[in-house]
Amino acid sequence: MDATAPKTQLGKNLFNDYGMVFVLLLLVVVLSALTLKEQSPEGEEAGRIVAERIIAEQGANVSVMVVAESTPVDEAFVRGAVAALETAGATIAGSVNGKPTDARVAIEKALAEGKTIDAVAATGDTVEWTIYDRFDGIGSDKCVSPVPYTWPTFAKLDNLLSVANQTAIYAIIAIGMTMVIITAGIDLSVGSLVALASVTAAIAIRDFGGGENASMAMMLAGCTAGIIVCGLAGLFNGAMITRFGIPPFIATLAMMMMAKGLSLRLAVGESISEVPDSFKWIGGGTTLGLPNPVILMIVLYAVAHFVMSSTIFGRYVYAVGGNAEAARLSGVAVKPVTLTVYTLCGALAGLGGIVQSSKLGTGDPKLGLMYELDVIAAVVVGGTSLMGGEGRIFGTLIGAFIIAVIKNGMNLMDVGSYDQQIVLGAVVLVAVLVDTIKRKGGRG
Amino acid sequence: MANKQPNVPLLQMSGIEKSFPGVRALSGVSLKLHKGEVLALMGENGAGKSTLIKTLGGAHQPDAGTICIDGQPVKLSSPTAAIQAGIGVIYQEFNLIPALTAWENIFLGREKSGVFVARKEERRKAAELFRSLGVDIPLDVPCRQLSVAQQQLVEIAKALSQDVNILVMDEPSAALVPQEVEKLFAIIRDLQKRGIGIVYISHRLDEIFEIANTITVLRDGKYVGDAPATEMTRQKMIEMMVGRSIENEFPKQATQRGDVRLSVDGLSRGTSARNVSFDVRRGEVLGLTGLMGAGRTETARLIFGADKLEAGTISLDGKTLNIRSPQDAIKAGICLLTEDRKTQGLVLCRSVRENFGLPNLKELSTAGIVNKPKEREAFGRYVDSLSIRIPFQEQLAKNLSGGNQQKVVLAKWLQQNAEVLIFDEPTRGIDVGAKHEIYQLINQLAANGKAIIMISSELPEVIGMSDRILVMHEGRVTGEITDMSSVTQEQIMELAIG
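From first to last, the protein sequence lines stand for chains Y and W.
The first sequence begins at 1 in my numbering and counts up by one.
The second sequence begins at 1001 in my numbering and counts up by one.
Don't read these hints as lab results, they were simulated from the structure.
Values in this document were obtained by computation on a predicted structure and should not be read as measured data.
Glycine included, every Cβ here is placed at the ideal spot set by N, Cα and C.
Certain hints may be false.
Label pairs and their computed distance ranges (CB to CB) [unchecked claim]: (1) Y/G289 <-> W/D1063: 55 to 65 Å; (2) Y/V30 <-> W/E1017: 34 to 44 Å; (3) Y/V30 <-> W/G1225: 50 to 60 Å; (4) Y/G289 <-> W/E1017: 35 to 45 Å; (5) W/S1268 <-> Y/L373: 46 to 56 Å.
Straight-line alpha carbon distances no greater than 25 Å define the calculated PhoX-like cross-link-like pairs of lysine-lysine that follow [to be verified]: (6) W/K1236 <-> Y/K335; (7) W/K1319 <-> W/K1308; (8) Y/K438 <-> W/K1342; (9) Y/K37 <-> Y/K156; (10) W/K1222 <-> W/K1183; (11) W/K1222 <-> W/K1398; (12) W/K1222 <-> W/K1075; (13) W/K1236 <-> Y/K438; (14) Y/K335 <-> W/K1193; (15) Y/K335 <-> W/K1331; (16) Y/K366 <-> Y/K260; (17) W/K1193 <-> W/K1125; (18) W/K1236 <-> W/K1032; (19) W/K1331 <-> W/K1342; (20) Y/K156 <-> Y/K142; (21) W/K1342 <-> W/K1362; (22) Y/K335 <-> W/K1308; (23) W/K1193 <-> W/K1035.
Some chain Y residues flagged as far from chain W (calculated, every beta-carbon gap over 10 Å) [as the list claims (entries may be wrong)]: (24) T150; (25) S215; (26) M240; (27) L264; (28) S310; (29) I312; (30) G322; (31) R328; (32) S330; (33) G331; (34) G361; (35) G416; (36) V432.
Chain Y on its own, in the form it takes in the complex (with noise of 0.2 Å):
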């Protein structure tokens, strides 16, 4: 060993532990520089900086006209500039959210009405409407629209926040699926036990909790019964596993059909809707502006990470995966590591289905279809080693973040969903590529 082998070394692990950072980073650069467009300012503020424009422009003793579109952004639009217009003193002469017809009749009404039109606040999509130079004294050059700018489609806030929140459910069962292939195993089930608890905790609270009228203790246990019986689902893959040496391939597979069939038959197919409003705001909701499952994912996997990290149950995990019996010979129990491993797999992929069944506000048999198979694409992109003993959690949602992130890509630039399949498919095809490269590479 000479003088330059720890920083090599520590410069190539900066590099295993980093390099799928740099791919996620790299991916957002590029789908940045593609989606490039000029964007027009949306909702409130820009609202509010229209109207400012206008009394900047033309003193506060104006009568403005707000048009913009049926929206959520535009209604934010409306108010914003309605609130702003009648703080400055300026007279609204009318808003409306709709079509052009719609501006077109609100701009006769006034005018009947007597009122004047000085300006028109406009989004910078109503500004394009023709409707204006119908009327005398007010044509097109008396709109003010936000001044547009150039930005990635890509990199917009709510883009960015839709990825993390459809990234989140698949992140949050990788965390299950990441532990279980660190022991060299894999689970299968998930997908369908993403159904099993949608299912379970919606017939829950339909028939103990009372439906649509469920008290939050009553829904908020009706969830857990979801996750509960994943959580022995995963016991019962890990009693298959450690008990009688199945093969976690087989004995998940078996799982994944078992748990699908039941599903169906506890919903008779369909899907149940007799939940309460608070059970939509789990998936739905949102707390300090983000939506709540990215909340979820973030605290789980920062507890994974530490779990994993720094605590003996991580690393016996990692010590089972990389050689059991050396880890059995050295006192590691290793049947209740790996039973628990799978338990909570399980667990977590309830957790994933409450969280998907909340977004859609349904119990629904039928979730949950091919998720095992995204779930294992992002442990594996996020170099977790089948072979057991490697992998980070923090890699893992790297790893379901670039997935999210290249589909995402995808269908701003419109790429077909075959096409998608594709590209996704060559996607994990390189990360095990570049890992088993990256492993040659080394010395023994």
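Knowing the structure of chain Y, use the given hints to seat chain W on it.
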């Protein structure tokens, strides 16, 4: 052989260079092998022997230097190319498929017929090969059921079945008992007569003087020197390998033996252990020896709880223990250093620090959370005291040489501060320098009042390091030797044969 050496060597390697990230494994190594010659390649672990033979086997490509066969430069770009060039390499790590039988492994990838394997033909040829080796290997059981030594013999048979001019053997005798080594030597001498050149690597110095014509010594990836075996002495060779002089190969120190610490009575499991009983005293090194499959390792595994006990009792300091798993044994203060470091001793894909921590995590953590600074500090102490050569604690266990790996395994058990230590082949595949350090450590542990069982097939080691010797045969204890002043290898062998 020296009488009819042709001018052109069979194999000539010159100026071989090979670097790995951060490590210069070989720098300017040269080697010459003639027809019918046995060349012993000597050096400590990490000296570059393994890298050199991997270069010969086509597993590594040298960064610089030339390899000539019969004077013609060759490029060994793959293991297949090496075999085609007439070079067969038997690596120390087995390359057998555990699920296939011996004969299937021997002919793997070289099956004769088109679609169907010529089973009878292959099986017959394999049987012939084993007969010519004078060994008895069950032909129709999967290799995973064969013992380490039997698997090694399959490896040798496999290499012999390929028509090679040059045969490289990396520690072929490591898993063999003296009788089998003699058989191996007979085979090697036979191959010599056929004009095959042999590169032989072994840490057993006695063997080298018995079989080698020429000795080439490497140290730290560099060529140190070579000499005909007749002109080399044991002392001189050790000095060349280690780079300093070692006074006494077996530095046994007399210790004060105290009360009985470990006592086993009537241990039984199938045919591998039948009614095994013995005691080990405080400060005593009990040598446990016998032929391959005599039940030594099996006995150790029973004491350690690695296998299920069918009958018998184990007691420590007079208290009967109920050991059902390695966890129970460790808790009671019994440790086992397994014979196979790579498959049983270490989690190769994890760092040495984590390997060290594995049995010690409970003591190194609070409320289930590992105290990493404490772990690093504890391991650091052993890195210093055992002089483990690692660039840093996060180094993966698989990147270490055999001696350093063994020291990591030692460190993890020393941290346990166990009362009974069972060493199963503690010096197998380990170089002279590290061997010496392990012997001194065993002395020190005995001096501290530990009870030690040392399982070994190397009779000089057993005789040199034990206070008392127990010999096993077919699962039974067949003899005990207490008078260490007059014991001979023949005496032990007689008991070992049964």
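Tested hints:
no.	hint	verdict
1	Y/G289 <-> W/D1063: 55 to 65 Å	holds (57 Å)
2	Y/V30 <-> W/E1017: 34 to 44 Å	holds (41 Å)
3	Y/V30 <-> W/G1225: 50 to 60 Å	holds (59 Å)
4	Y/G289 <-> W/E1017: 35 to 45 Å	violated (60 Å)
5	W/S1268 <-> Y/L373: 46 to 56 Å	holds (51 Å)
6	W/K1236 <-> Y/K335	violated (52 Å)
7	W/K1319 <-> W/K1308	holds (20 Å)
8	Y/K438 <-> W/K1342	holds (22 Å)
9	Y/K37 <-> Y/K156	holds (11 Å)
10	W/K1222 <-> W/K1183	violated (33 Å)
11	W/K1222 <-> W/K1398	holds (23 Å)
12	W/K1222 <-> W/K1075	holds (22 Å)
13	W/K1236 <-> Y/K438	violated (42 Å)
14	Y/K335 <-> W/K1193	violated (55 Å)
15	Y/K335 <-> W/K1331	holds (18 Å)
16	Y/K366 <-> Y/K260	holds (8 Å)
17	W/K1193 <-> W/K1125	holds (22 Å)
18	W/K1236 <-> W/K1032	holds (21 Å)
19	W/K1331 <-> W/K1342	holds (24 Å)
20	Y/K156 <-> Y/K142	violated (29 Å)
21	W/K1342 <-> W/K1362	holds (24 Å)
22	Y/K335 <-> W/K1308	holds (16 Å)
23	W/K1193 <-> W/K1035	holds (9 Å)
24	T150	holds (45 Å)
25	S215	holds (36 Å)
26	M240	holds (21 Å)
27	L264	holds (39 Å)
28	S310	violated (6 Å)
29	I312	violated (5 Å)
30	G322	violated (4 Å)
31	R328	violated (6 Å)
32	S330	violated (4 Å)
33	G331	violated (4 Å)
34	G361	holds (39 Å)
35	G416	holds (41 Å)
36	V432	holds (17 Å)
Consistency note: the structure conflicts with the earlier hints numbered 4, 6, 10, 13, 14, 20, 28, 29, 30, 31, 32 and 33.
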